[in-house]
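Here are the chains, one letter per residue:
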Amino acid sequence: MKVLANLKYTKEHEWVKVDGSTATVGITDFAQGELGDIVFIELPEIGLEVKQMGKFGTIEAVKAVSDMYSPLSGKIVAINSALDSDPMIVNKDPYGEGWMVKLQITDPSELNKLLDAKAYEGLLKEH
Amino acid sequence: MTHSDTTPKRTPFSKYHEALGAKMVDFVGFYMPVQYKGITSEHLAVRQNVGLFDLSHMGEFEVTGKDALAFLQKTTTNNVATLEVGKIQYSCMPYPEGGIVDDLLVYRLADRFFLVVNASNIEKDFNWLKSHLFGDAKLVDRSDEFGLLAIQGPNAQKVMAEITSHDLEHMGYYTNAIGKVAGVELLFSRTGYTGEDGFELYIPPQHCDKLWKAVTDAGKKYGMEFIGLGARDSLRLEMKMALYGNDIDQTTTPVEAGLSWIVDFEKDFIGKPIMVKQRDEKPTRRLVCLEMEGKVFPRHGYDIYDQGKVVGKVTSGTFSPSLQKPIAMGYVPLDKSKIGATVNVAIRDKQYPAVVVKPPFYKSASHR
Numbered sequence: 001m002k003v004l005a006n007l008k009y010t011k012e013h014e015w016v017k018v019d020g021s022t023a024t025v026g027i028t029d030f031a032q033g034e035l036g037d038i039v040f041i042e043l044p045e046i047g048l049e050v051k052q053m054g055k056f057g058t059i060e061a062v063k064a065v066s067d068m069y070s071p072l073s074g075k076i077v078a079i080n081s082a083l084d085s086d087p088m089i090v091n092k093d094p095y096g097e098g099w100m101v102k103l104q105i106t107d108p109s110e111l112n113k114l115l116d117a118k119a120y121e122g123l124l125k126e127h
Numbered sequence: 001m002t003h004s005d006t007t008p009k010r011t012p013f014s015k016y017h018e019a020l021g022a023k024m025v026d027f028v029g030f031y032m033p034v035q036y037k038g039i040t041s042e043h044l045a046v047r048q049n050v051g052l053f054d055l056s057h058m059g060e061f062e063v064t065g066k067d068a069l070a071f072l073q074k075t076t077t078n079n080v081a082t083l084e085v086g087k088i089q090y091s092c093m094p095y096p097e098g099g100i101v102d103d104l105l106v107y108r109l110a111d112r113f114f115l116v117v118n119a120s121n122i123e124k125d126f127n128w129l130k131s132h133l134f135g136d137a138k139l140v141d142r143s144d145e146f147g148l149l150a151i152q153g154p155n156a157q158k159v160m161a162e163i164t165s166h167d168l169e170h171m172g173y174y175t176n177a178i179g180k181v182a183g184v185e186l187l188f189s190r191t192g193y194t195g196e197d198g199f200e201l202y203i204p205p206q207h208c209d210k211l212w213k214a215v216t217d218a219g220k221k222y223g224m225e226f227i228g229l230g231a232r233d234s235l236r237l238e239m240k241m242a243l244y245g246n247d248i249d250q251t252t253t254p255v256e257a258g259l260s261w262i263v264d265f266e267k268d269f270i271g272k273p274i275m276v277k278q279r280d281e282k283p284t285r286r287l288v289c290l291e292m293e294g295k296v297f298p299r300h301g302y303d304i305y306d307q308g309k310v311v312g313k314v315t316s317g318t319f320s321p322s323l324q325k326p327i328a329m330g331y332v333p334l335d336k337s338k339i340g341a342t343v344n345v346a347i348r349d350k351q352y353p354a355v356v357v358k359p360p361f362y363k364s365a366s367h368r
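If you're matching them up, the sequences are chains Z and F in order. Straight run, no breaks: the first sequence in full-length UniProt numbering ends on number 127. Straight run, no breaks: the second sequence in full-length UniProt numbering ends on number 368.
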């Protein structure tokens, strides 16, 4: 189960990477493994404003269906449209090609409420 | 049903699944692989080539004695009297009220009957059958005495031919034999739960390592894949094969579930009067196959609507890897059960149209 050191995590198994005022969001390697083969990903419209831990999409996988929650508050500025035709990219590369959305973030201090890699690994050990 | 308070039982092959990196789960008290590489690719490997399943969790009972046949006639719905030595029949054990204790396979061997039951029901089935024993009929639970491997797919015979000299060419579907496989004398059958051609091998525990090696070595030549319970579920669903606990249970009758073909109305058996009544007067609901468009798919327990009202429930659903569309089974009122009828299925906050189709969903399976 891969956990990357340079990312922040939610307890719901999303990751976020902040670059200036833009944040890239996806689901973790653990999450894709739990879901199994992904059939369909419902992503939001560009321009949607989300609150921290607000729902921004749904993943329909063979084994389960799961909502996705935004690690940070902000406005959706990009969605990964490649996932529309091949959602299993997320199974293969959850931290890279399998990213979900990019956000224009509004409150960088919210990062403090997220888990770092070590804390997230600790959470996974409880599973 | 949870077994999380106890450690799941390991099968003779659990160590191999772990070494292969399978995702392991506690499935009704057994430590089983749910997937190795991925459910979709495993599913398609069985449809297009060949795959290997560990089904050691299944239960096996033996029935012997002069009254064995009469006992099984009473406790199962299919006609055991027509079952010849070396043949197998699909059947079910009914309650007096018409509900189903379990569905099962009945093997007829030269000197005994061999029953294969669902892992989740071993104890319940055994107690049920035991309470109905009469005369000279003896029932023994042999569930712990077999490892079970299933080789399934259009190329299953090629793999099997590498490890046995038994005449597979003339071995019919739903027949059994006792013969040497990889040098070990064991019971095997041409059966499965995938719709594809295939074999199931009942292996004494002391020979399980030997058979695992022989079967996997033979499979390498043909690119055989390892298949978990996830693909087992989608494979059986594409064939409209019922899963106990999902599609059939104590509250559903064989007539409602479309299993009248395994009910012999000419013989006497537990639950017959209510089944005859349902057959004659038509049941109020039927288990149907539903096909949908799009990518969002229904799952067990989702509601089925007609004209704004809940009229039934989805019992099994998935995104069909072969058909590339959502498929489901569910109970609907009789007037909605005809081929071509339409209903709506609620998936979270929306309703989606579904049409009743003729089973099976997947029509090109190789079983013979």
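Hints in this document: simulated from the structure, not taken from any laboratory. Glycine is no exception: its CB is placed at the ideal position from the N, C-alpha and C atoms. Do not take every clue at face value.
[Said to hold, decoys possible] Partial list, computed: chain Z residues near chain F (C-beta under 10 Å):
# : residue
1 : E34
2 : E42
3 : T58
4 : V62
5 : V65
6 : K118
[Said to hold, decoys possible] The calculated lysine-lysine pairs, modelled on DSS-like cross-linking and capped at a C-alpha distance of 25 Å, are:
#  : chain 1 : residue 1 : chain 2 : residue 2
7  : F       : K272      : Z       : K125
8  : Z       : K92       : F       : K277
9  : Z       : K125      : F       : K9
10 : Z       : K55       : F       : K74
11 : Z       : K102      : Z       : K51
12 : F       : K37       : Z       : K92
13 : F       : K272      : F       : K130
14 : Z       : K63       : F       : K180
15 : F       : K9        : Z       : K63
16 : Z       : K63       : F       : K350
17 : F       : K295      : Z       : K63
18 : F       : K74       : F       : K277
19 : Z       : K113      : Z       : K2
20 : Z       : K51       : F       : K350
21 : Z       : K63       : F       : K325
22 : F       : K37       : Z       : K2
[Claimed, not checked] Residues from chain F that keep clear of chain Z, each with C-beta distances beyond 10 Å, as calculated:
#  : residue
23 : Y31
24 : G38
25 : I39
26 : K158
27 : A182
28 : P205
29 : D249
30 : I270
31 : K282
32 : V296
Tested hints:
1. The beta carbon of E34/Z is positioned within 10 Å of a beta carbon in chain F (closest approach about 9 Å), and the interface hint is therefore held.
2. With a cut of 10 Å, the hint placing E42/Z at the interface with chain F holds, because the nearest CB-to-CB distance is about 8 Å.
3. Hint status for T58/Z relative to chain F: holds, with the closest Cβ pair at about 8 Å, below 10 Å.
4. The beta carbon of V62/Z is positioned within 10 Å of a beta carbon in chain F (closest approach about 5 Å), and the interface hint is therefore held.
5. Interface restraint check: V65/Z against chain F, minimum CB-CB distance 7 Å, threshold 10 Å, status holds.
6. Checking K118/Z against chain F: minimum C-beta separation of about 25 Å lies over 10 Å; hint violated.
7. For the suggested pair K272/F and K125/Z, the alpha carbons sit about 53 Å apart, so the restraint of at most 25 Å is broken.
8. With a CA separation close to 54 Å, the supplied pair K92/Z and K277/F exceeds the 25 Å bound.
9. About 23 Å separates the Cα atoms of K125/Z and K9/F, which keeps this hinted pair within 25 Å; it holds.
10. Of the pairs offered as hints, the one joining K55/Z and K74/F is violated, with about 56 Å between alpha carbons and a cut-off of 25 Å exceeded.
11. In summary, the hint linking K102/Z to K51/Z is supported, as the alpha carbons are separated by about 14 Å, within the 25 Å threshold.
12. Simply put, K37/F and K92/Z have alpha-carbon atoms about 11 Å apart, close enough for the 25 Å limit, and the pair holds.
13. Of the pairs offered as hints, the one joining K272/F and K130/F holds, with about 20 Å between alpha carbons and a cut-off of 25 Å not exceeded.
14. At most 25 Å may separate the alpha-carbon atoms for a hinted pair to count; K63/Z and K180/F exceed this at roughly 38 Å.
15. Of the supplied pair hints, the one linking K9/F and K63/Z holds, its CA atoms being roughly 23 Å apart against a limit of 25 Å.
16. Proposed proximity of K63/Z and K350/F is supported: the alpha carbons are some 20 Å apart, at most 25 Å.
17. Among the hinted pairs, K295/F with K63/Z is consistent with the structure: their alpha-carbon atoms are about 14 Å apart, no more than 25 Å.
18. Our distance criterion of 25 Å between C-alpha atoms is met by K74/F and K277/F, whose separation comes to about 18 Å.
19. With a CA separation close to 22 Å, the supplied pair K113/Z and K2/Z stays within the 25 Å bound.
20. Between the alpha carbons of K51/Z and K350/F the distance comes to roughly 24 Å, so the proposed pair stays at or under 25 Å and holds.
21. A threshold of 25 Å between alpha carbons decides the hint, and for K63/Z with K325/F the separation of about 16 Å falls inside it, so the pair holds.
22. Taken as a hint, the K37/F and K2/Z pair is honoured in the structure, with Cα atoms around 17 Å apart against an allowance of 25 Å.
23. The Cβ of Y31/F sits about 16 Å from the closest Cβ of chain Z, beyond the 10 Å cut-off, so the non-interface label holds.
24. Its closest Cβ contact with chain Z, about 5 Å, brings G38/F to no more than 10 Å, contrary to its assignment away from the interface.
25. For I39/F, the requirement that its beta carbon stay farther than 10 Å from each beta carbon of chain Z is not met, with the minimum near 5 Å.
26. Every C-beta of chain Z lies more than 10 Å from that of K158/F, the closest at about 27 Å, which supports listing it as non-interface.
27. Residue placement check: A182/F keeps its beta carbon more than 10 Å from all beta carbons of chain Z (closest about 33 Å).
28. Non-interface call for P205/F relative to chain Z: holds, since the shortest CB-CB distance, roughly 31 Å, exceeds 10 Å.
29. For D249/F, the condition that its CB be more than 10 Å from all CB atoms of chain Z holds, with the nearest at approximately 22 Å.
30. The Cβ of I270/F sits about 37 Å from the closest Cβ of chain Z, beyond the 10 Å cut-off, so the non-interface label holds.
31. The non-interface label for K282/F is consistent with chain Z: the shortest C-beta to C-beta separation is roughly 36 Å, beyond 10 Å.
32. Not every CB of chain Z lies more than 10 Å from the CB of V296/F, the least distance being 6 Å, so the non-interface label is violated.
Comparing the model with each earlier hint shows violations of hints 6, 7, 8, 10, 14, 24, 25, 32; every other hint is respected.
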